[in-house]
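Chemist: In order, the protein sequence lines correspond to chains A and B.
Each residue of the first sequence is one higher than the one before, counting from 76 in the numbering used here.
Each residue of the second sequence is one higher than the one before, counting from 76 in the numbering used here.
Keep in mind that a hint or two might mislead.
Any copy will do: because identical chains look the same in the list, a pair fits if it lies in one copy or spans two.
Calculated pairs, DSSO-like style, for lysine-lysine (alpha carbon to alpha carbon, straight line, at most 27 angstroms) [stated by the list, open to error]:
| no. | residue 1 | residue 2 |
| --- | --- | --- |
| 1 | K313 | K274 |
| 2 | K106 | K180 |
| 3 | K297 | K180 |
| 4 | K217 | K297 |
| 5 | K274 | K137 |
| 6 | K137 | K180 |
For the record, the hints were derived by calculation from the structure and aren't laboratory data.
2 protein chains.
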Amino acid sequence: MTDRTVYFISDGTGITAETFGNSILAQFPIKPRHVRRPFVDTTEKAYAVVREINETGEREGKRAIVFATLVDREVLKIVRDHCQGRVIDMFATFIEPLEEEFQVKSNHRVGRFSDVARSQEYHDRIEAINFSLAHDDGQSAKNLDAADVILVGVSRCGKTPTSLYLAMQHGIKAANYPLIPEDFERNKMPASLAPHKGKCFGLTIDPDRLSQIRNERRPGSKYADILNCRYEINEAEKMMKREGIAWLSSTHKSIEEIATTILRDIRPDRLVY
Amino acid sequence: MTDRTVYFISDGTGITAETFGNSILAQFPIKPRHVRRPFVDTTEKAYAVVREINETGEREGKRAIVFATLVDREVLKIVRDHCQGRVIDMFATFIEPLEEEFQVKSNHRVGRFSDVARSQEYHDRIEAINFSLAHDDGQSAKNLDAADVILVGVSRCGKTPTSLYLAMQHGIKAANYPLIPEDFERNKMPASLAPHKGKCFGLTIDPDRLSQIRNERRPGSKYADILNCRYEINEAEKMMKREGIAWLSSTHKSIEEIATTILRDIRPDRLVY
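Next up, chain A with everything else stripped away, as it sits in the complex (with noise of 0.2 angstroms):
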């Protein structure tokens, strides 16, 4: 932490400014502080977060940075016309050669949210959660057919946060089914899984990792045993070998990063649209 402070104001919801900022600030081996001011979308909530930003400046003797996604041009000005801090407006910056480029104008509209809760995209969006719940951890083995993606792998390796991220950004319905001891003893998938093995997608882990995460939840226990971890890690990587099921591993992968790999290798006309 340092005695800099960093804004993130938005007549939005601001999740752009600060998903954005933050990818630029993870490239500067800094710790400013965080500040995020959504839903300035009033010239009065201009002026008040104008002058937060000024005060920050003198207390700390550095000017704020601010990450800024403002279509509202009024509010836009007062932050232009009085801001002391640096300003870094992400839409003003590329809005205008885009204007140029697509030889039309922009419609200034605020968020990129608006009305969105009524759009079909939205709703396609919600639908997936749902359904990605409702076949979490092989809750169900009822309407597969439906899934875009089905994530196979052993207990604690990553599918479920995987499976919501999926249904959550992208709006892929996405079931996730566990590979559990008496699969490996049967030596088959489960039997459910075999009419789709088209869409599963596995994911493994370190087996050192999977112990750490187990025993998180159940200290002691052969299940976060690290021979037993190391069992079944084995055995799922040979089952999906065998079963030509594309598999990666999650253990220094974040869920972002797992799901654009799948999305990539599995959905690729979702790609395009």
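On the provided structure of chain A, position chain B as indicated by the hints.
Modeler: Leaving out everything else, chain B in the frame of chain A:
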């Protein structure tokens, strides 16, 4: 859909490029074709994607728009030198002014999520997702002490997707608890919530919209009937007012907007970190 193509390219997942690019494109009344090309992290991949972009532009008679988040210098150079698309490089545009501002060189690290899978923040996010899942729909009143927020409201008003979003995006432990007709007859909040009223947040919804959503689940049921929906919503709102619980209507809001509002109202200490 127009005959114009937009590329999202990145040496990471491309999620930032896509989120930001979509926010910008939402300002224009056009519907270009979208193509995602994540993990462009070698010179070969860079040449391949540049070739693809150039060919697309020639075929369509209009150069492609390329939203890029490129940290790798070699990849960036290839794209800059050879790409005939209109490249909007979000990193390059802002990194240099910030190096000056911070008086420190950037790391040129690829991606926001690199190595993140082992970080405390990531661990907390996964824990929050597990917590929110275990406390979905009033499944468990155990550990409500540990909740950051408890969403309350009638069935199908948006509690579940919002709590999962809060967990996934913000690492917030969000439980959710349904208000059911028995609660209204007793004229009391569910007993297990009473000790946690301070962190309850209410969701409501327009009765017509609720009836429509419920009819998709159980067509023609009393549950979905408009009169019943009006009754439940009226009682729920009365209860929230009486108990002094902050609440908002999800009718015209996306889960992102609901989540942002909740965060601002209920956890100001998490907003500044």
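Chemist: Give a verdict on every hint.
Modeler: Checked hints:
When the C-alpha separation of K313 and K274 is checked against a cutoff of 27 angstroms, the pair qualifies only within one copy, where the shortest distance is 18 angstroms, while the shortest distance between copies is 47 angstroms. Taking the closest pair of Cα atoms, K106 and K180 come within 27 angstroms of each other only across two copies (14 angstroms); inside a single copy the shortest separation is 38 angstroms, beyond that limit. Taking CA atoms no more than 27 angstroms apart as the test, K297 paired with K180 passes in neither setting, with 64 angstroms inside one copy and 49 angstroms between copies. Proximity of K217 and K297 under a CA criterion of 27 angstroms is satisfied inter-copy only: 26 angstroms between copies versus 31 angstroms inside one chain copy.
In this assembly of identical chains, K274 and K137 lie within 27 angstroms of each other by CA distance neither inside one copy nor across copies; the values are 53 angstroms within and 36 angstroms between. In this homomeric assembly, K137 and K180 come within 27 angstroms of each other (Cα to Cα) only across copies, at 18 angstroms, whereas the closest approach inside a single copy is 37 angstroms.
In summary, the numbered hints that this structure violates are 3, 5.
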